[in-house]
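Take a look at the letters that make up each chain.
There are 2 protein chains.
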Amino acid sequence: MNVLFVVCDGMADRPVRELGRKTPLQVAKTPNMDRLAEIGITGIVDPVAPGVPPGSDVANMALLGYDPYEHYTGRGAFEALGTGIDLRPGDIGFRCNFATVDASGVVVDRRAGRISTEHASRLVEALSEAAAELGSELGVEAIFTNTVQHRGVLVLRGEGLSRAISDTDPGENGKPMLKCVPLDDTPEARKTAEIVNALSERFRAVLSRHPLNKELPVPANAVLFRGAGTLPEIEPLSELYGIKGACVSAVALVKGVCRAAGLEVLEVPGATGSYDTDLGAKFSYAIRALEREADFVFLHIKATDVASHDHAAGKKVTFIERVDKALGEALDRLDLEQETYVLITADHTTSTRTGKHEGDPVPVALAGPEVRPDDVSRFDEVSCARGGLCRLRGMDLMPILMNLLGKVKRFGF
Amino acid sequence: MNVLFVVCDGMADRPVRELGRKTPLQVAKTPNMDRLAEIGITGIVDPVAPGVPPGSDVANMALLGYDPYEHYTGRGAFEALGTGIDLRPGDIGFRCNFATVDASGVVVDRRAGRISTEHASRLVEALSEAAAELGSELGVEAIFTNTVQHRGVLVLRGEGLSRAISDTDPGENGKPMLKCVPLDDTPEARKTAEIVNALSERFRAVLSRHPLNKELPVPANAVLFRGAGTLPEIEPLSELYGIKGACVSAVALVKGVCRAAGLEVLEVPGATGSYDTDLGAKFSYAIRALEREADFVFLHIKATDVASHDHAAGKKVTFIERVDKALGEALDRLDLEQETYVLITADHTTSTRTGKHEGDPVPVALAGPEVRPDDVSRFDEVSCARGGLCRLRGMDLMPILMNLLGKVKRFGF
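First to last, the sequence lines map onto chains A and B.
In terms of our numbering, the first sequence opens at residue 30 and continues consecutively.
In terms of our numbering, the second sequence opens at residue 30 and continues consecutively.
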C-alpha cells in the first residue's frame with residue numbers, strides 16, 4: 030500500500046464577495062475532489078495552530094509531520110536544498126534576489142525587472158567567482174548560484190557561523206537596502222553579518238562594472254540576502270517510518286523542505302509553478318514513482334496560491350477546476366480499494382481579498398482501502414468541517430497516513 | 030474591522046432535570062444568539078482542557094489567549110489590579126474578606142453578614158492605617174483597601190516576598206481561621222507568611238476595639254486573606270497584536286485579568302455584576318469604544334453564573350433571555366457584513382445542580398465579515414458541537430479573531 034499526498038498551495042480561502050460570499054473551492058466544479066470526500070473521510074486542519082498564518086516552509090514541514098515550533102531553522106536552508114546544494118550541518122543558507130538599486134542605495138526593484146534566467150546566469154558566473162574569492166579571504170566557503178529569473182541562493186560554509194543575522198532585503202521597493210546586523214550577542218553572529226555585508230558590497234562592485242548591465246533595460250546591480258537558515262535537525266521520513274518517499278514540486282522552497290525530510294525530488298519537465306504548469310505530467314511522475322517503489326509521494330501544486338496573491342478569485346476557481354480534472358485522470362489510474370491512499374489538502378489559506386497567507390484552517394479529504402468514510406460528499410472549507418477527521422493539526426496527518434500503511438511503531442506494550 | 034467578544038459567566042450548563050433534561054441555553058428563547066449561530070460559525074470550547082473546571086481568573090486568561098498552565102500566578106494579583114491598584118512586579122496581592130470569628134477563633138460568617146460597602150469603608154480607614162504602620166515596622170509596604178460589601182484587597186510590596194504561602198481563609202463557615210504557612214522552603218515564603226500572620230492579628234486587634242463593631246448586628250471582627258498572587262509575566266495584547274482593546278465588566282477579578290492583558294477597563298454606571306445590572310449600558314459602552322478607536326472589546330456578564338451558583342435554573346433561563354435581548358439591540362447597531370466580528374461564549378460551564386464550575390466545554394458562535402458560515406442555527410451546548418469550528422481550546426479563540434483582523438504575524442516565510 031502507498032500514499033499520494035496532494036497539496037494545493039493556498040487553495041483554501043475565505044468567503045469572497047465577488048463569488049457571492051462563497052470560497053473558490055465552494056464555487057469550483059470539483060467532481061473528483063468531491064469523490065474523494067464522498068468515498069473517504071474529511072476534516073479541517075490547522076497547518077500549524079488555529080489562527081496562525083504559516084509560511085510555505087513552515088506549513089509544508091508541518092504537513093510532512095514535523096512540528097515547526099520545534100524544528101524550524103529558517104527559510105534559507107530549504108532554498109539551498111531545493112536548488113540541489115547538499116547543505117551540511119553548520120552551513121548557512123540564504124534566499125537571494127537580483128535587484129535594482131539607485132545611486133542613493135534605495136531598492137527601486139526587488140526583482141531587477143524580473144531578469145531572465147539566462148541573463149541572471151551570466152551575472153552569476155562573475156558573482157560566484159567573486160564570492161569564492163572573498164570567502165577565501167575571510168576564511169569561509171561562499172557558494173552563490175541562481176535558480177529561476179531573479180532568484181538565487183547563497184551558502185556560507187565554515188567554522189563559527191550563525192543564522193542569527195538580519196536580512197539586507199528591505200522587503201519592499203522604495204526602501205534602502207539594509208546592512209546585515211547580528212541578532213544576538215555572539216561572535217558567530219557578528220562574524221556572519223560582517224561576511225554578508227562584505228559580500229553585499231563586493232557583489233555591487235562586480236555588478237556595477239559587468240558589461241551585461243549596460244545592455245539590460247533595468248540593471249541588476251545588487252543582490253539582496255534574506256532568510257538565513259540552517260539545516261533543521263529532523264529525522265528523515267525514511268528512518269522515522271521506514272518508507273521510501275518522493276516529491277513533485279516546481280518550487281525550490283518546497284523541494285528543499287522535502288529534501289530535508291528525506292524525500293527524493295523528482296524533476297518533472299513542464300512543472301513551472303505557474304498557471305501553465307503541466308499538471309498531467311506531475312501526476313504521471315507521481316503515479317510512476319508509486320508504481321515503482323515509493324511508499325509515499327508528496328505532490329505540490331503552486332498556482333492556486335499564485336491566483337490568491339494576484340487577488341484573482343475567478344482564476345483561482347478555474348485553476349482549481351484544472352487541478353480537479355488532472356486529479357480525476359490520476360484517480361482512474363490508482364486502485365483506492367486495495368492499494369493507494371489519496372489525501373488532498375492545502376498547505377494554508379490564502380485570501381484572495383488580502384492576497385496573504387491567513388491562519389484559517391484548510392479542508393482535507395482522505396480516501397483509500399481502510400479509511401472510515403463519513404457522510405461528507407463535497408470538498409470545501411465548510412463541508413469538510415463536518416467530517417470524520419474533525420479538526421486536526423498539520424503535523425497529525427503523517428502519523429495518520431503512516432498508520433494506515435502499518436508504519437507507525439506502537440507506543441507502550 | 031474590530032471585535033466584540035461577549036462572555037456570559039458560567040452560562041453553559043449540563044442538562045437540568047427541572048428543565049426536562051435540557052440546558053438553560055437550550056430552553057431559553059435566544060433569537061439573537063441563534064442569529065449569530067445562523068450567519069456565523071460555531072463550535073465548542075474547552076476553556077482550559079477537557080474535563081478541567083476553571084476558575085474565573087484562569088478561564089478569562091485563556092479566553093484572552095494566554096495559556097494559564099504557563100502564565101497563571103494566582104488570583105490575588107488580578108483582584109488587586111481589578112480594584113485599580115497599579116500592581117508592580119514582585120508585589121503580592123491577596124483577595125480579602127471581612128469575616129465574623131467567634132471567641133475560639135472559628136469563622137462563623139466568612140462574609141461578616143454581607144456587611145455594607147459603607148460600613149466596610151469605615152473599618153478600612155482604621156485598617157489601612159494599621160497595615161501601613163505594621164508594614165513599616167516589618168520593612169514592607171502594606172496596602173489594604175475594600176471593594177464591594179465584604180470584599181477587599183491587600184498588597185504587600187517590598188524586597189524578598191513570595192506568593193508561595195497558604196490562605197488564612199478556611200474556605201467555609203464553622204472552621205477555624207488558619208495560620209498562614211510557607212508553601213516552600215524559601216526565606217521569602219517564610220517572611221511573607223510571618224507578615225500575613227502579623228497583619229491578621231493586628232487587624233483583629235484593631236477591629237475588636239472599633240466602635241462600629243458595637244453597632245453592627247454581626248461584627249466584622251476579622252479579615253481573611255487568600256489567593257496570594259503576583260503579576261503574571263504576559264505580553265499585553267497591544268504588543269502581541271498591535272491592537273487597542275477595552276473591557277466592560279463589573280467583577281474586579283475579571284477587570285484585573287483584562288488589565289493584566291493590557292485592556293483599558295471601562296467603568297459603566299449601572300453595571301453591578303448581579304441580576305439588576307444594566308445590560309444596555311454595558312453594550313452601549315462597548316459599542317461606543319468600538320466606534321471610537323478600540324479594535325477589541327471584551328464584554329463580561331456575570332449574573333448567568335450567579336443564577337447557577339444559586340441553583341436557580343429558571344432564573345438562569347430568564348437572565349439568558351435578557352442578555353439575548355440586549356445583544357439583539359447591540360447587533361442592530363453593528364455592521365457584521367463589513368466591520369465587526371461578534372463572538373459569544375461562556376467562560377466555563379456552571380452546573381445549576383452542583384452550583385459549581387464544571388469542566389464541560391462551552392458553546393461559541395462567531396459572526397462577521399469573513400467567517401465561513403456553517404449550517405448550525407441554534408446557540409446552545411449541543412447544537413454548536415456540530416459547528417464548523419469543531420472543538421477548540423479557550424486560548425485558540427484570540428489568534429482566530431486576531432487573524433480575521435489581519436493582526437497575527439506569519440510564522441515562517
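These are computed hints drawn from the structure, not numbers from a lab.
Please note: incorrect hints may appear among the correct ones.
No distinction is drawn between identical chains; accordingly, a pair holds when it is met within one copy or between any pair of copies.
Said to hold, decoys possible - Computed list of lysine to aspartate or glutamate pairs in EDC-like fashion (alpha-carbon distance at most 20 Å, straight line):
| no. | residue 1 | residue 2 |
| --- | --- | --- |
| 1 | 273 | 339 |
| 2 | 438 | 387 |
| 3 | 273 | 166 |
| 4 | 344 | 47 |
| 5 | 438 | 201 |
| 6 | 58 | 188 |
| 7 | 273 | 170 |
| 8 | 204 | 268 |
| 9 | 438 | 96 |
| 10 | 436 | 350 |
Intra- versus inter-subunit Cα pairing at 20 Å for residue 438 with residue 96: both (18 Å within a copy, 18 Å between copies)
Status of residue 188 relative to residue 58 across identical chains (alpha carbons, at most 20 Å): Classified as neither: same-chain Cα gap 55 Å, cross-chain 69 Å, threshold 20 Å.
Identical-chain pair category, residue 273 with residue 170, by Cα at 20 Å: neither (33 Å within a copy, 48 Å between copies)
Within, between, both or neither: residue 438, residue 387 at alpha-carbon 20 Å: Classified as between: cross-chain Cα gap 10 Å, same-chain 34 Å, threshold 20 Å.
Homo-oligomer pair classification [residue 47, residue 344; C-alpha up to 20 Å]: Within one copy only: 12 Å inside a chain, 46 Å across chains, cut-off 20 Å.
Intra- versus inter-subunit Cα pairing at 20 Å for residue 204 with residue 268: For residue 204 and residue 268, neither the intra-copy (46 Å) nor the inter-copy (25 Å) Cα distance is at most 20 Å.
Copy assignment of residue 438 with residue 201, given that the CA separation must stay at most 20 Å: between (47 Å within a copy, 17 Å between copies)
Status of residue 350 relative to residue 436 across identical chains (alpha carbons, at most 20 Å): For residue 436 and residue 350, the Cα distance exceeds 20 Å both inside one copy (34 Å) and across copies (32 Å).
Copy assignment of residue 273 with residue 166, given that the CA separation must stay at most 20 Å: neither (42 Å within a copy, 52 Å between copies)
20 Å Cα threshold - placement of residue 339 relative to residue 273: Intra 36 Å, inter 31 Å, cutoff 20 Å: neither.
The structure is inconsistent with the numbered hints 1, 3, 6, 7, 8 and 10, although it conforms to all the rest.
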